[in-house]
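With the sequences and hints as input, model every part of the structure.
Per the working numbering: the first sequence = residues 141 to 610.
Heads up, a few of these hints could be off.
[Claimed, not checked] Between beta-carbon pairs, the in silico distance windows are:
| no. | residue 1 | residue 2 | range |
| --- | --- | --- | --- |
| 1 | 566 | 439 | 32 to 38 Å |
| 2 | 412 | 208 | 30 to 36 Å |
| 3 | 431 | 249 | 35 to 41 Å |
Everything labelled a hint here was simulated from the structure, so no lab data went into it.
We put the beta carbon where it would ideally sit given N, CA and C, even for glycine.
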Amino acid sequence: MVTRFAPSPTGYLHIGGARTALFNWLYAKHCGGAFLLRIEDTDRERSTEAAVQAIFDGLNWLGLEADQTPIFQFSRVERHREAVEELLQRGGAYRDYMTPEATQAERDAAKAENRRFLSPWRDQAPGHDQLTQSHVVRFKGPIEGETLVDDLVQGEVRWKNKDLDDLVIQRSDGTPTYNFAVVVDDHDMGVTHVIRGDDHLNNAARQTLIYEALGWTKPRFAHIPLIHGPDGAKLSKRHGAQAVGDYAEMGYLPEAMRNYLARLGWGHGDDEIFSDAQAIAWFDIADVGRAPARLDFDKLAHVNGHWMRLADDGRLTELTVQALERKGAAGDRNETFARLARAMPVLKDRAKTTLELADQAAAFVLKQRPVALDEKTQKVLDPETRARLQRLLERLRLFNSWDVFALETELKAFAEDEGVGMSKIGPSLRGVLTGGSPSPDLAKTLAALGRDETLGRMGDALSGALSSDA
RNA sequence: GGUCCCUUCGUCUAUCGGUUAGGACACCAGAUUUUCAAUCUGGGAAGAGGGGUUCGACUCCCCUAGGGACUGCCA
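In structure tokens form, the structure reads like this:
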């Protein structure tokens with residue numbers, strides 16, 4: 141059992157392509173088969189080295205590793221020519237000497253008359269003077285009967301053969317076209333299941349005919365619906381993120397991406413959050429839906445939040461530092477890393493992306509002393525409150541168990557000793573610690589900042605050395 | 001124009017002829033509360049329309065409407 145992902149390197153790895161790759165990967169793993177990667181670079185004009193790299197990078201980030209060395213389609217042109225020759229000999233193809241202009245004219249005429257495009261060379265041997273002329277090779281498709289594709293997702297789909305034109309399989313420059321190269325490569329690579337976007341459903345009919353003409357065993361086809369943008373329209377630039385690399389930068393985790401993408405067009409009962417192992421155990425291509433799905437960033441964020449809470453703190457810290465660096469807000473890397481690492485256990489529960497983590501961190505953890513206090517905080521710091529915070533500061537200076545639970549108990553004890561509720565302490569304490577920004581529960585905020593920073597920030601505010609928003 | 005595909009809450013989906021049509025995200029309300037979140041509880045929310053088939057259709061068939069893909073010497 142062999143599946144493959146076969147993108148053309150003409151741009152970044154599209155989110156739709158990523159899901160196609162994921163489905164191929166999942167199904168191969170599910171069946172204990174192999175997942176292969178083939179770069180379809182026969183269009184020399186549009187294929188680029190950068191795009192090839194972008195595809196590799198995207199797949200690596202998503203964790204969808206191919207089980208064999210990737211194959212570059214262009215490196216196989218000799219084999220493709222050989223196959224064209226074989227088909228020619230079998231009488232399943234013919235050389236077409238029509239000029240591009242004449243071809244276009246015939247195509248237009250056929251379209252206008254609502255009939256099949258036919259080249260006069262289909263049933264005509266070339267004269268001696270033509271043999272050296274530039275020409276293409278066309279597939280000689282049947283005119284009668286129908287072609288059936290028994291698709292794993294779409295079911296049985298039929299075409300009347302008269303509606304299927306004789307497609308070019310080899311260009312005048314000797315290179316193979318997509319529909320032919322795909323058949324040859326899938327056959328040679330032993331691909332048993334072709335899982336791809338349903339924009340290829342029509343091609344499946346043409347490819348089926350080629351398999352039959354060559355006498356080769358056909359793979360099973362599975363055409364999965366395309367992914368649409370949040371507005372239901374085709375995915376486009378205006379939706380912002382299209383490349384999987386964009387999702388990495390937006391702060392999503394690859395495991396969350398796999399989880400979310402798997403749920404787009406596929407489901408397993410009421411299961412929403414599941415591991416790779418579960419996805420592999422449950423995934424069946426036959427359970428994939430036939431309607432296109434829209435991207436829902438809220439749900440992606442929710443799934444991502446779940447996986448973030450399970451993620452390793454060190455890893456999240458590194459990702460957050462990277463996000464800060466992209467914003468140019470990282471400061472000294474070592475110090476930033478150390479501060480974030482201490483705060484991470486507290487921060488990770490509150491964020492849905494590492495980008496949010498970075499924002500929260502910048503909002504209070506990473507602020508430099510002395511922290512500027514906002515108007516609201518300054519207002520709340522009347523003499524009585526200052527005196528109380530001063531007493532708290534004295535008390536915390538003598539307090540050594542700097543963990544969330546102990547701090548919480550200590551704060552409550554302090555409030556009790558003062559004979560006031562937490563509402564008399566909370567706003568001002570938070571204010572001097574964060575400058576007024578929202579932050580986690582007080583004990584957590586103290587723990588996240590650490591002892592020295594907490595005492596330092598309190599001292600700064602109470603010394604009265606600063607009072608403006610500088 | 002032609003060929004082909006699609007259509008359950010706002011969104012992702014479950015249902016594979018008999019259910020009060022289930023879950024999740026989002027939304028609303030309540031609980032909690034020192035801020036903002038998170039969390040917990042509850043709530044509103046769906047079978048595109050019309051014909052059939054059947055004792056019985058979201059489920060099967062047909063038509064209509066609305067989306068989409070393809071229609072290249074691109075993939």
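These are the hints, each one checked on the structure:
1. Roughly 34 Å separates the CB atoms of residue 566 and residue 439, a value that falls within the hinted 32 to 38 Å.
2. Separated by about 33 Å at the C-beta atoms, residue 412 and residue 208 satisfy the suggested range of 30 to 36 Å.
3. At roughly 37 Å, the beta-carbon separation of residue 431 and residue 249 lies within the given 35 to 41 Å, and the hint holds.
Violated hints are absent here; each numbered hint is respected by the structure.
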